[in-house]
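Asker: Each chain, letter by letter, is given below.
There are 2 protein chains.
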Amino acid sequence: MKIAVDAMGGDFGPRMTVKGAVRASEDYNLEVLLVGVEGLIKKEFDKLHSTKGKVTIIDAPDPIGMGEGVFSFRKKKKSSILVGAQLVKDKSADAFVSVGNTAAVVFISKKILGALNGVDRPALALLVPTLKGLTLLIDVGANANCLPHHLQQFAFMGRIFMEGVLGLKNPRIGLMSIGEESTKGNELTKEAFERIQASPLNFIGNVEGKDIYSGKADVIVSDGFTGNVALKASEGVVEMLFSTVRHEIMKNILARIGFFLMNKNLKRIYKKLDYSEYGGAHLLGIDGVCIIGHGRSNSNAVKNAVRVAKEFVMNKVKERIQQELTRATLGQNGI
Amino acid sequence: MKIAVDAMGGDFGPRMTVKGAVRASEDYNLEVLLVGVEGLIKKEFDKLHSTKGKVTIIDAPDPIGMGEGVFSFRKKKKSSILVGAQLVKDKSADAFVSVGNTAAVVFISKKILGALNGVDRPALALLVPTLKGLTLLIDVGANANCLPHHLQQFAFMGRIFMEGVLGLKNPRIGLMSIGEESTKGNELTKEAFERIQASPLNFIGNVEGKDIYSGKADVIVSDGFTGNVALKASEGVVEMLFSTVRHEIMKNILARIGFFLMNKNLKRIYKKLDYSEYGGAHLLGIDGVCIIGHGRSNSNAVKNAVRVAKEFVMNKVKERIQQELTRATLGQNGI
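These protein sequence lines map, in sequence, to chains A and B. For this note's numbering, add 981 to where a residue sits in the first sequence, where the first one is 1. For this note's numbering, add 981 to where a residue sits in the second sequence, where the first one is 1.
The reader is advised that the hints may include incorrect statements.
If several chains are the same, the list does not tell them apart, and a pair holds so long as it fits within one copy or across any two.
Pairs of lysine-lysine residues, derived as BS3-like cross-links and limited to a Cα-Cα distance of at most 27 Å, are as follows [stated by the list, open to error]:
# : residue 1 : residue 2
1 : K1248     : K1232
2 : K1232     : K1058
3 : K1232     : K1252
4 : K1059     : K1072
5 : K1191     : K1113
6 : K1057     : K1171
7 : K1232     : K1245
8 : K1197     : K1232
9 : K1057     : K983
If you are wondering where the hints come from, they were derived from the structure by calculation, not from laboratory data.
Same shape as in the complex, but just chain A:
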């Protein structure tokens, strides 16, 4: 298997991406195609003295910055993201992994690879740690404006992902809303509620923001605007909490000793909460495999993203989404 990795993406660039990709190649027995500015990649690769890694460097001299907007990045014809997506399109790679500019990866991957038949809107799906395991939140930012049947398609794609990648039978689907009764929500969710309920899915009804982390549903369906805000609000409050704890423990020696004694446990908690452990977001519904990691990803997170891409390919999730949604479009599933 060959996985193309955007070596230029992320807050730390090639230093983390090259290391993570090479370690993934060594540990998971696959070939990585490192896409980006050749000289920079080579420099990082040489530092690793890897003998086992199967690595090819693909030059893409025109990187896209993390903050770059669509008016800027769409002009770049030789970016690592465009070249990486093109490798999947040409079947030179089985999947593409990036920890770069999310908006750019979504925009370019959709443009180059296109959507699967039966999918109107590819969506970003993210596995989130909960009290009871993992919940898939879909969409977390690919589609700021959605129609009810888009949310219904997200529900189907989420189910197939959880069955195909996590082996979960008949996952519980929840619809993100602001109250549990079917009458609660906005115009979009009220109509989506009816549609999802009429589908052959294990639909448990509306869930609320707090249920992202309660484990009440296996898949939570949301428009990309709300999903993105909810996720970033969660990140924000956790950051504030950790920052406040750090500030507080500096105030007295007992608290510092206490913190030291709890350190191993706190690290385990941090690892549990760390999204990067779960390999990043999946752009579901495109005709290809594309994983987008957090910009802050370190080499371990990049390695995990490559692992997840491999599992996604091996479990033929893309093909299963295609089959299921084609069947649905033919009217058998109520879409």
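Place chain B on chain A using the hints.
Answerer: Quick look at chain B alone, frame taken from chain A:
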């Protein structure tokens, strides 16, 4: 000053509401009208042996449950919420405070008191603790569907609140979105962006979910659906975090000692994060004063909510919103 308090609301009912309201009466030199089932209120009041509190009990025998939906609660003509709102309408009370069913308080208060001239949609505004102080998030759930000019009005109401209650001059207004550039967002926020930018407000542009807690803006404007989901997602992740910490520290004795040593600091952090310290959400834009506390409010939170209601009345925030939005409607403020 007279403040009507819904004695039946909240997860703990009269046990907490009566105590909190009576303590507020004693400490802040005001009269409280305790609204609800007379016998239950009297029983709790007698337990307190209050001599200083100025308290009147107003019978309202038909309480609304925390989970009750609109089809159910709108039929109750003698609920504590309806009777409480009516006291404000009749000018028998200066403000109404409830920690009850938020949907019911919003629905009934809007119906009984009506909106101020120039306000199309009253909105729920909540002060949220951030890294740098407090940020007002508006709307957190009163309006699931919004139009761009509603968000613009929320921005005005938020500014007046922060100036009038917190004494903050020219507060920074941010628009909740999914990226900082003006081109990021959904159809609603893109049009609202233009409108708010054209208004005489200190508009700092789009902010993201994480900025609810970063202190980047003093007021963050959002539709009520997104604001509610973001807030509840934050609550959910913090609950998961605390639950995980509790679970982890039970695993070994060193961690338990560490936790014990940090206990005082952790309590201070918890207090900082606890919304109830800040007195609950404000239903801005109605022709009256209405404060809605968290259902989980203890007596201290109820007392704080009454204090905030008093400040709101003393600072004439309602009157200032009325003046400012009437002026705006006359075309001087670009609405």
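Asker: Compare the structure with each hint and give your call.
Answerer: Quick rundown of the hints versus the structure:
1. For a Cα distance limit of 27 Å, the shortest separation of K1248 from K1232 qualifies both inside one copy, at 21 Å, and across copies, at 14 Å.
2. Taking CA atoms no more than 27 Å apart as the test, K1232 paired with K1058 passes in neither setting, with 53 Å inside one copy and 54 Å between copies.
3. For the identical chains of this complex, K1232 and K1252 are neighbours both inside a copy (26 Å) and across copies (17 Å), given an alpha-carbon limit of 27 Å.
4. When the C-alpha separation of K1059 and K1072 is checked against a cutoff of 27 Å, the pair qualifies only within one copy, where the shortest distance is 18 Å, while the shortest distance between copies is 70 Å.
5. Taking identical chains as interchangeable, the C-alpha atoms of K1191 and K1113 lie at most 27 Å apart whether they share a chain (13 Å) or sit on different chains (24 Å).
6. For a Cα distance limit of 27 Å, the shortest separation of K1057 from K1171 across copies, 26 Å, qualifies, whereas the shortest one inside one copy, 41 Å, does not.
7. In this assembly of identical chains, the alpha carbons of K1232 and K1245 lie at most 27 Å apart whether taken from the same copy (21 Å) or from different copies (11 Å).
8. Proximity of K1197 to K1232 under the C-alpha cut-off of 27 Å is restricted to the inter-copy arrangement: shortest distance 25 Å between copies versus 39 Å within a copy.
9. For the homomeric pair K1057 and K983, the shortest alpha-carbon distance inside one copy (25 Å) is at most 27 Å, but the shortest distance between copies (66 Å) is not.
Violated hints amount to a single one, hint 2; each of the other numbered hints is respected by the structure.
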